[in-house]
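I would like the entire structure built from these sequences, with the hints used as guidance.
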Amino acid sequence: MMPNLFDTIPSGFFNCLANSSNNVLYAGCLQVIYEQYDREVCYQIKRNIIRDTIALYLVENHFDLSEDESQRSPSDRASDILRRFCEKEIGWLEEELDESTYEKNIVMTEQGIRLAEFLLILKKPEKEEYSSYIYNIYNTMTNPNQWQEDPYVWALKNVYKNAKSLANALKKLSTFIKKIIEKMIKEESLETLTENLLSYLEGDFIKEYSRLVKQQNIHLYRRAIKEKLNQLQTETETYELLVIGCACEEEIDEHDAEELVINMIQATKRFLTDDYDRILQDIKHKINIYLQVAVGRARFIKNHEVDDRGNIDQTIKYISDELDTFTLKDDLPENMRNLFHLQSNEYLDINSLRYPRTQQSIKKEVISKIERMTEEDIEKTKRIHEREANNPYSKARAKQFVSQFIEKSRSINVEDIPVKSKRDLLMTMSAVAYGEENGYKIELLDGYVEYENMTIKRFRFIEEE
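According to the working numbering, the residues represented by the sequence shown are 1 to 465, in order.
Be aware that one or more of the hints could be misleading.
[As the list claims (entries may be wrong)] Derived lysine-lysine pairs resembling DSS-like cross-links, with alpha carbons at most 30 angstroms apart: (1) Lys88 with Lys46; (2) Lys380 with Lys420; (3) Lys124 with Lys228; (4) Lys161 with Lys171; (5) Lys286 with Lys269; (6) Lys104 with Lys179; (7) Lys457 with Lys171; (8) Lys226 with Lys179; (9) Lys171 with Lys46; (10) Lys123 with Lys171; (11) Lys124 with Lys161; (12) Lys395 with Lys422.
[Said to hold, decoys possible] Here are the computed distance ranges between Cβ atoms for each label pair: (13) Phe405 with Asn139: 26 to 34 angstroms; (14) Ser75 with Glu110: 23 to 31 angstroms; (15) Tyr393 with Asn139: 36 to 44 angstroms; (16) Ser21 with Tyr135: 46 to 54 angstroms.
Derived by calculation from the structure, the hints in this document are not laboratory data.
Don't be surprised by glycine CBs; every beta carbon is placed ideally from N, CA and C.
Structure below.
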């Protein structure tokens, strides 16, 4: 049976926020109090400091007051708010007496801290970094020395928590995009439509999504994580430690602990292999719908507001440029790509062309002086031609470069080619350019590889018979 929330918090815990006349005031005071503990070693500060902080907040924000309250000093009103927060029915703060100095201290309760943090998150949501969850899971699973003494607490529980956090973050992203689409359908002017587009394209979440699906080989990490999770079950000693650790940590018997461990491993694997792809596919689908609606609404406004045609063309071009920046245009369905064609193609009949009459020009005799090249100029010219002839990335050298790595299999992946310098990377690119002429077939593969801070698509050289 789940514990009752209201058994753990005071009966009037939410009363301050339920008071419509002062809820903004009380919420703001709680947040400024919470901020005062940033530099402290614990959630305990002298009462006069908290009182002065509230008083300053009241003065700076000019809250509307009744006639009786307006006659009182900010310090007196701050003391009233402080006493209210310390009431047993509210329970946001507690007042303690320091027995050594006989000074009063204000202690923030555990429930008060959680409420203040919740209000701050609602006011300014934290930016999600989706890829960091995958990296945390991968780093945990590939460093057994850090958790081998207690694999449940330091490995499985941590991995399960990160997987759940990533799932929740991606689901919120999916929901957020849906709300933007619903809002955009109602946009009636170019100004509000453009603001909606800017909030989408310049938002941090679309950059994080782009990193998650394009710029990082996340699928490689997922495969390795799945293998490590399987090892947790197959290695007898590790599995026993998992069950024992779970029983101790969660305070349950070993039978229930074993069932919980299996469920956590299976749920994590299921998310990373199946649910992850389904959620990303749903997000991708909604992004495509969003872009289709955005361009459609822009063209609709364009047809009704002739004066705004130039601005709308700029808006659509901005969307197109941003998609190119995040390499998202490649993922668009074929029927959506025509939405971003801004130029109309019209044709001229050859009969409509008029050829202008060619006028006879008067030619004048021109005499050019002939200058003889010195020996130094001749040698300099020779060296220039020799350098041009000695092309390090020529067709022949590109073929020689690839042939030295291809073995009996008659094929090689790009990641198997040793790239030790920028010259090797340029030579690999040259080999791709001359691949067909040199008798090699270039086959694209899934994923990306990084060389010299550059990300390129994976491919394979196949020697044709």
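Structure-based check of all given hints:
{"no.": "1", "hint": "Lys88 with Lys46", "result": "holds, 19 angstroms"}
{"no.": "2", "hint": "Lys380 with Lys420", "result": "violated, 33 angstroms"}
{"no.": "3", "hint": "Lys124 with Lys228", "result": "violated, 37 angstroms"}
{"no.": "4", "hint": "Lys161 with Lys171", "result": "holds, 15 angstroms"}
{"no.": "5", "hint": "Lys286 with Lys269", "result": "holds, 25 angstroms"}
{"no.": "6", "hint": "Lys104 with Lys179", "result": "violated, 49 angstroms"}
{"no.": "7", "hint": "Lys457 with Lys171", "result": "holds, 28 angstroms"}
{"no.": "8", "hint": "Lys226 with Lys179", "result": "violated, 34 angstroms"}
{"no.": "9", "hint": "Lys171 with Lys46", "result": "violated, 43 angstroms"}
{"no.": "10", "hint": "Lys123 with Lys171", "result": "holds, 20 angstroms"}
{"no.": "11", "hint": "Lys124 with Lys161", "result": "holds, 23 angstroms"}
{"no.": "12", "hint": "Lys395 with Lys422", "result": "holds, 18 angstroms"}
{"no.": "13", "hint": "Phe405 with Asn139: 26 to 34 angstroms", "result": "holds, 32 angstroms"}
{"no.": "14", "hint": "Ser75 with Glu110: 23 to 31 angstroms", "result": "holds, 28 angstroms"}
{"no.": "15", "hint": "Tyr393 with Asn139: 36 to 44 angstroms", "result": "holds, 39 angstroms"}
{"no.": "16", "hint": "Ser21 with Tyr135: 46 to 54 angstroms", "result": "holds, 48 angstroms"}
When each numbered hint is compared with the structure, violations occur for hints 2, 3, 6, 8, 9.
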